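> Below, each chain spelled out in residue letters.
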Amino acid sequence: MKTTKARDAVVAGAQGLALALMALVGSITAFVLAVVSIALIPIGVGVLTTPAVLHLVRAHANQRRLLAAQWSAVRIPVPYRPFPSDMRTGITGQVERCTLMLKDPATWRDMQWLLVDMTAGAIVAILPPALILEGIFGLLLLAGLWQPIVEADGTYWYSFIPVDGWGTAGLAALLGVVWIKVALYGNQFLIRTHFRLAGSVLAPNREVELEQRIGRLTETRHDALDTSAAELRRIERDLHDGAQARLVAMGMNLGTIEALIEKDPAQAKELISKARESSAEALTELRDLVRGIHPPVLAERGLGDAVKALALRLPVRTEVEVELPGRVEAPVESAAYFAVSEALTNAVKHSGADRLWVDVTYADGSLRIAVTDNGKGGAMIGTGSGLSGIERRLGTFDGVLAVSSPAGGPTMVTMEIPCALS
Amino acid sequence: MRVVLAEDLFLLRDGLVRMLEAFDFEILAAVESGPELTEALAELEPDVAVVDVRLPPSHTDEGLQCALAARRARPGLPVLVLSQHVEQLYARELLADGNGGVGYLLKDRVLDAEQFIDAVRRVAAGGTAMDPQVISQLLSRRAQDKPIAGLTPRELEVMELMAQGRSNAAIAGQLVVTERAVAKHTSNIFAKLGLPVSDDDNRRVLAVLAYLDRG
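These protein sequence lines map, in sequence, to chains A and B. Numbering-wise (the numbering used here), the first sequence opens with residue 1 and increments by one. Numbering-wise (the numbering used here), the second sequence opens with residue 1001 and increments by one.
Don't read these hints as lab results, they were simulated from the structure. Some clues are possibly wrong.
Unchecked claim - Examples of chain A residues toward chain B, derived with CB under 7 Å: (1) K274; (2) R276; (3) A280; (4) V297; (5) E300; (6) G304; (7) K308; (8) A311; (9) L312; (10) V316.
What the hints assert, rightly or not - Label pairs and their computed distance ranges (CB to CB): (11) A:T4 <-> B:A1042: 33 to 41 Å; (12) B:R1018 <-> A:I293: 29 to 37 Å; (13) B:E1179 <-> A:L421: 35 to 43 Å; (14) A:Q70 <-> B:R1092: 50 to 58 Å; (15) A:L217 <-> B:R1018: 51 to 59 Å; (16) B:P1056 <-> A:A73: 39 to 47 Å.
Unchecked claim - Chain A is faced by these chain B residues, among others (derived, beta-carbon under 7 Å): (17) E1036; (18) T1060; (19) D1061; (20) H1085; (21) E1087; (22) Q1088.
Since the model is a prediction, treat every value here as computed from it, not as a measurement. Glycine included, each C-beta is placed from N, C-alpha and C at the ideal position.
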């Protein structure tokens, strides 16, 4: 307990140092570049440089967003307006890009943030390492360091303590202990404060947020409608060409049997066995169809066992870990199941892996699923790939998909869907 | 032979009752829900229970759960589970206690009355009756694994039937060979898989499944 606390404080100290450096070096540079570039717009040069500089600023801000999520679980939304897909190229495109970026309120929030970051942000960030170092320095003073310092400069002021002998060095050490204590309890809080500060400046106002949300909802609703329409067409076709046709054939056979049963019992018997075969085949087809609409195990047991059953049917050895304290809402469950199924099929088909792992967990109001393989990697989310299909499927539920797949592998597909458990 | 039957669809229940009666089974009870099944299994002490996986009131896997619970209360109680679909997951759960006397078949199998009745009898006698679909899935999945890859096509056929729960005599009948030939195949299979030979049908199925399961 004690050691983890100490380790956390030291880690926070290192993070603070890194953040302070980023704030002082990165933010100041970015701010200066941006101001100069924007100032040069009237004479034309700025038009060419501003988009590049602003992209740099955005990358810098995004870097901080990422660290906020990773280090302190502080989520700062990314509010930039997307560029239209039909951007022109060349000088006109560059001018267009420049105006669009300058019109985006997020750009101006970025600039404000740079100012806040290089001042308040940097100060808050430097405190965690400073507390630790100052504390250690106080202890070193008591260890005898005060002697050479005092010999060289006379009285040394450690904070408000004038160190000139063993007694005052002892006081300094005591104060050092206090600093370290403060660091132990406060460092992580300070780091979080730094990110909250950034978040408060960077976060878009409500209107922008709503605008973005509406855009996203429209898009996912379109996708959902498209997908379900395609699904219905598929089901209709399968029924029409499959089970339905077989039942018709069966009825016809039965009719013939009726006519034949007295004239030619041998042939009638043959037809009866054919009719039975048809009914068995119709059942098989219906079963496959049901599996494609809503897998029975999913209905009966929920996501965990359904994924386990799925893994058992794969030709590749698959380990499944499930940690779900309850059942996921039915629509999410179904979407998640098919997403996993697609990810696994993808892995089996393309990765060349001989082992697969599926992890299903629930934490912080989100269902998290990771599908990992030991294959050759190089998977990408792009048009036409199975992964984009999964992304669309999850998008309907505000779910997200992340793929990590360096060339040479391994590939890890993670999905996260916010949902409630029952 | 005394049977308790659980199936929620009236037509199917009625058909099953008729079929079982035609083959001289005595129907102690034909129920349509999980709680009724639990009660019937506890009170009537049947020789075998024929149970649909999906039963009211939950319409999930209530039938399977009731059957598993009844087998925990009375180990070895013969249970034949019927389902609209077969899953290895459920097959494993049924086989897990190692007591035998379990069956897990696709509902389609009732279309072939004689085979179905044969399966009920086998289960009642403490043997197993696994749906060919479960077995073939298992075999195709494990086909890349070495020991199974070493089997000849004929031996694979024998193993598939053996894993379903058939006796050597039944296998011989199905493959149209002599029983001695089957016995030779089975001992070859056991040798190749490194399993101790046993005459007990049920134990050898469990051995095969356990091997396949070991993955």
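> Confirm or reject each hint.
Hints versus structure:
no., hint, result
1, K274, "violated (13 Å)"
2, R276, "holds (6 Å)"
3, A280, "holds (6 Å)"
4, V297, "holds (5 Å)"
5, E300, "holds (4 Å)"
6, G304, "violated (10 Å)"
7, K308, "holds (6 Å)"
8, A311, "violated (9 Å)"
9, L312, "holds (4 Å)"
10, V316, "violated (9 Å)"
11, A:T4 <-> B:A1042: 33 to 41 Å, "violated (52 Å)"
12, B:R1018 <-> A:I293: 29 to 37 Å, "holds (32 Å)"
13, B:E1179 <-> A:L421: 35 to 43 Å, "violated (56 Å)"
14, A:Q70 <-> B:R1092: 50 to 58 Å, "violated (40 Å)"
15, A:L217 <-> B:R1018: 51 to 59 Å, "holds (56 Å)"
16, B:P1056 <-> A:A73: 39 to 47 Å, "holds (45 Å)"
17, E1036, "violated (19 Å)"
18, T1060, "holds (4 Å)"
19, D1061, "holds (4 Å)"
20, H1085, "holds (5 Å)"
21, E1087, "holds (5 Å)"
22, Q1088, "holds (4 Å)"
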